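Number of protein chains: 2
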Amino acid sequence: MSMNITYKESAVRGNIWLKGLFGIEKENIRVDKQGVISQTPHPAVYGDKLTHPYITTDFSESQVEMITPPMSSVNEALGFLETIHDLVSIELSEELLWPQSMPPVLPDDDHIPIARYCEAGKKNEEYRKKLAEKYGKKKQTLSGIHFNISLNETLLQALYQQSIQILSFEQFKDEIYLKITRQLLRNRWIYVLVFGFSPVVNQTFDLKCQNFPVRICTKTWGLSLRNSCYGYGNKQELYPDYSTADRYNRSIQKMVEDNKLMASKELYASVRPKFLNQSKSISYVEARFVDINPLTKVGVTPEMLHFIHWMAIYGLLTEEHDDFSNEYQTIANSNFRYVALHGLDDKIPVKTMSGKEVNAFSEAKAIIQKMIELYSALEINQTDYLRALEYALQIATQPELRPVHQIIKLTGENGYIPFHFQKAAEYKILSEQNSYNFKGLEDMELSTQLLLREAVRRGVSFEILDRAENFVRLKRDGNIQYVRQATKTSLDNYSSILAMENKVVTKLILEEHKIRVPKGLNYTDKASAKADFNYFRDTAVVIKPKSTNFGLGITIIKENSDHLIYERAIDIAFEQDASILIEEFIDGKEFRIFVMNDEVVGILHRVPANVTGDGVLSIRELVIEKNKDTLRGKGYHTPLEKIQLGEAESIFLKAQDKDFDYVPRVDEVVFLRENSNISTGGDSIDFTDEIPASYKKIAVKAAQALGVKITGLDMIIPDYKQEATEDNYAIIELNFNPAIHIHCHPYKGKNRRLNEKLLDMLGYPALNQLP
Amino acid sequence: MSMNITYKESAVRGNIWLKGLFGIEKENIRVDKQGVISQTPHPAVYGDKLTHPYITTDFSESQVEMITPPMSSVNEALGFLETIHDLVSIELSEELLWPQSMPPVLPDDDHIPIARYCEAGKKNEEYRKKLAEKYGKKKQTLSGIHFNISLNETLLQALYQQSIQILSFEQFKDEIYLKITRQLLRNRWIYVLVFGFSPVVNQTFDLKCQNFPVRICTKTWGLSLRNSCYGYGNKQELYPDYSTADRYNRSIQKMVEDNKLMASKELYASVRPKFLNQSKSISYVEARFVDINPLTKVGVTPEMLHFIHWMAIYGLLTEEHDDFSNEYQTIANSNFRYVALHGLDDKIPVKTMSGKEVNAFSEAKAIIQKMIELYSALEINQTDYLRALEYALQIATQPELRPVHQIIKLTGENGYIPFHFQKAAEYKILSEQNSYNFKGLEDMELSTQLLLREAVRRGVSFEILDRAENFVRLKRDGNIQYVRQATKTSLDNYSSILAMENKVVTKLILEEHKIRVPKGLNYTDKASAKADFNYFRDTAVVIKPKSTNFGLGITIIKENSDHLIYERAIDIAFEQDASILIEEFIDGKEFRIFVMNDEVVGILHRVPANVTGDGVLSIRELVIEKNKDTLRGKGYHTPLEKIQLGEAESIFLKAQDKDFDYVPRVDEVVFLRENSNISTGGDSIDFTDEIPASYKKIAVKAAQALGVKITGLDMIIPDYKQEATEDNYAIIELNFNPAIHIHCHPYKGKNRRLNEKLLDMLGYPALNQLP
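Protein chains in written order, with the working numbering: chain A, 1 to 771; chain B, 1 to 771.
Treat the hints as calculated values from the structure; they're not laboratory data.
Watch out, some of these pointers could steer you wrong.
What the hints assert, rightly or not - Where chain B lies over chain A, by a calculated footprint (3+ residues, C-beta under 8 Å):
#1 478-485
#2 523-536
#3 615-623
Quick caveat: nothing in here was measured; it's all calculated off a predicted structure.
Just so you know, even glycine gets a beta-carbon here, dropped at the ideal spot from N, CA and C.
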């Protein structure tokens, strides 16, 4: 071992140590209402399991595999996994995802369905058949979680700069990842000791241990049966050479040549260095010893992964005292298997690498303590990592607090199948409630989150190019699309966007197409605007800046008769823009009409924050009640915002001679705000089906007049129950970046699924609708 | 006459009275080097005379007619006319535009070419043949200027609001325009008295007067022969009915039925109400009594048109004391014709409408005085109108100051043909010098001006949709294009624009396409950026905000070894943006490479303000010399800016131990600025032919990688004499709104005609290159 970076020598400090790319793969067995492994095919909505980047199958047709792309933090990867999990759950109408690494009720081997592939994937099917012969189908239904870790390139470069640099940078990185691999293999027993979650098994699973053919009964418990000799593993002990990337690959190749393995991927080492795209250098390290945690929906918690990640960094910065040749690998493997099987016992021994027997918990405690010390020494400031370490330390001190004991208790009380089935059912409801957020990307705009959720469903892989700007790249087959803020796409040409952005130009074009817009004039100097007082005299006018979008600087004068008021409004508008509009004010309801590809796909009306009385509750209580809606949140991360009980609301109520304690009569609607913005608690109400087709035709014609494919058009309609005529409506503006989430999750009305329609339009039809 | 708006009753005040739409039509005969009417066909570059919106022919094939669209001020219309005039002049390689209403040397009638038309225009050709028969070809070669006036719609509405409103708004407008017509007909003699410009004629023109067949010799002078009985006019006096629009049209129709006219357009009244697109309402008033002013390039000055415009407003707001029936029309016509013929005499009489004879100059003075009073009464504030009125007043007082006397003097001294020919030649040189501005639109960006100049040449009609935003609409045949700032077009899709706008995304895409960009990282928080000091240590780095374009917040550190300097640079960058880039600094020359439609169409390098010594002149003198270049101006209205001799330059010279009085040696180049911005006097140097094709290929590949059709790409090339390799260049950014003018008018090098290429790309090929 030539390399020995220790943190004492390292000048690199700070959170850069936590940067990197993190991916998670997770399997869950689909089960039917009896808790039996499903006999139905992989849902067609996920298309071809060979090509879907996020949702596929593992060994069994019923074993859904969820794969996140590499994400830049553990929490993002976890969020991505949760989103995939939710989408899969929601789609399985009659089935549930089995929340346990150990399988549900299994039929005879003959009835465990091997994953079926189309012609292009026949090789995969053949390989699975061979696995079934070699290991038995039941063992292949064990499910788990793989966690992939790579370090930040800048960190690696900085470490390289400080090294003696006798190696190339690529070789240096290989050394780093191999050291992490070796150290994780040495220390993984600590993880299992804390986070083992597969203590029980159903009697339909044949408990056979390949090392010693012992049978144990259903009630017999282990800590992590999946990681034990009863779980998954090669038929014989194998010893890869972990000294260099090249030697590692050659040692595996030799095992295949010697028929110890059918293929290199059959090496079931619980930590593996991985080579992306046939690279000769290592791209990341894969940790495969993670049990599904049945006590949480997704099966994996931040603590579990933060602990492993930090164990990797700790290993990297800690000296190795042996060469990890076969004898030392045997010690590491024994510790791991032994703890997995016997770890519920709090007096078990493990061997140090020098061969000394020590108490597992004391040893774990000592190592976790050192991990915490390293955390401080490197000046890292990220509380959830520290929390994970402190949690592990506590567990090592009080093993009885381990959640595995809860599983044992509850399976004992309710039975293995009923307990897990009940959990699965609960988790499904939770998934259904989480219908709009993309977990881990909650800081992005809701419209983008919705688009990306649907992208995952459709097997459209995506990258976030600029997170703050909601700029993403979508890709499926050859179709690459750049999308910003969900609705800024390649489908619109630039000059149409500019025409929408400019209210004067928009109105001019619409007028030419005989579409009604409020009559008015554009001014670039105050004097001219003020001089035209007579022109606008005695009419209802709205005076507004040309290009602000936030309602700032807008004044409505219902009857323009006082020229001081008129002039003041002009001054106010000019404070926001160098160019203003004075327009006739048209009274009526304002509707947001979403036009996509010459079709109206959603119509929404916004109503100011309000409550409807029941004769019993006060306004305050009605607000609290209304705010319980899961669609309402704070800070724009939800489709609707909570109604506030603040000063603005209080003043507005006062003007109606009311206060928060007023009890509205049955069906009395009380408004708490004048403006209808969603951001101040307004309601969004879907009118897509209520608005007559005659208005929709006008909206489509307007979009076509400007040559736009995606637009949110604001139309005033005084009485939508009348068919549209030449002059009973007016278009106020066309928005070039309309939100889609308001149409997907309105306060009242249907989900208009604009995210799905956008993807259709971008050339990504649903996978079950491919030709 | 039911309507009698006077300014006393009118509450409308201010410059709105001057608003409206104004168009000019002008004819010039093309002449050859002998001053003879040209025998060559209308230049092919202007395409079909039936469809070109701006450049066509009148009666004769050699009589170029230039037509401006309606513009929102007189000065803009004049500027537009000047631009057409310049473009036509520049295109006529061997010929000149005859700058006089009276014709040049004319051959016999048989050799005066009637305008030839393609099949679709045969009717026009037939009509011209009939005119030739009826009036003789020579008379048809008289050329003049038509000035079209309409009032601002808001003004009209405001006047209507104040009226008793027994008429519809359309009828009200007709009344307005008819009153203006009648009043202009009554008062036009005043205009001619001041602005008559056709005193002399060549002997090849047959001076015949249709009213009294008198012959006068070549030397005989009039004030405005074109407007006199020797000029253009119907064969007999005709009296249209000017009382209502309907009656007006019927009276003309009757003349056609009675064979007094071949068509309604044959009515040669010198003021006509005009009906656009077969409308039944009047759209504007056309004044046709304007002689070409041979003392100016374009043939018409602001004074001439401001005077007419104000005469129209004055007429509108002045009471009429007669019904303008035939007898009163006769008075008006006689005054006009009489002044046109005898107006050089300063004691001529005119008749008032009540029949009283008064001295023309005294009467003119009195009326002009009233026009000035009205100007004050209406609280108008526009000096050039007042100047025109005061000028006219002075002329009426001192008729000998009239410019017509100069024409008489100079034609007397040099001869009619040589004088005008000499002027024509001078004007052509002036036109050639004016190669980049669109007159009247000089406040718009130069790139837009250049695009619009070429649009005019190609018969692409345009409208300015938003002047401040340089937003125009182009149209020819069915092809409508919206263009903002010349290079924001429908050819680019929105997401490609957004990708260019975002430096992080741009770099990512280029890197994926194996195109070299400066390596670097993006940061959104200071701490992370500062923590990476070691990563960037001892290298040359540039630290810059992600999205500013003005050079603000950029620091270059040639050797990054002091972390305080590094941290300060990060702070400075974060002052400009919430996201910054730290990149390797690549030394070399920066080139702007313009890519259009997958082709490099221009490459430019910018050099800081500098002078080259001659061993004699001081820096100060060299700067003054260099600033004489007509490409240099102030305030971005020219392709280059003048070099300043200010504090910044002085400090920069001081650092070189020089001052403004230093005399550089022969060929010594002295820089006066560090930055190469054109705005501080930098030079633009064309390198389109110098840069090897290998770099151009990379530029095109980069544009294609982002899917953009129009981009200005900034590339650093350390040594452009070397062919491009993988790593001897770097692309800094792609600009989505690159200027075109810098490539059209560089300090050194060819005009790369990007305006022409843009129009090609937008689907408007040159008219002589149509299939």
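Quick one: which hint numbers does this structure break? Sort them smallest to largest.
3
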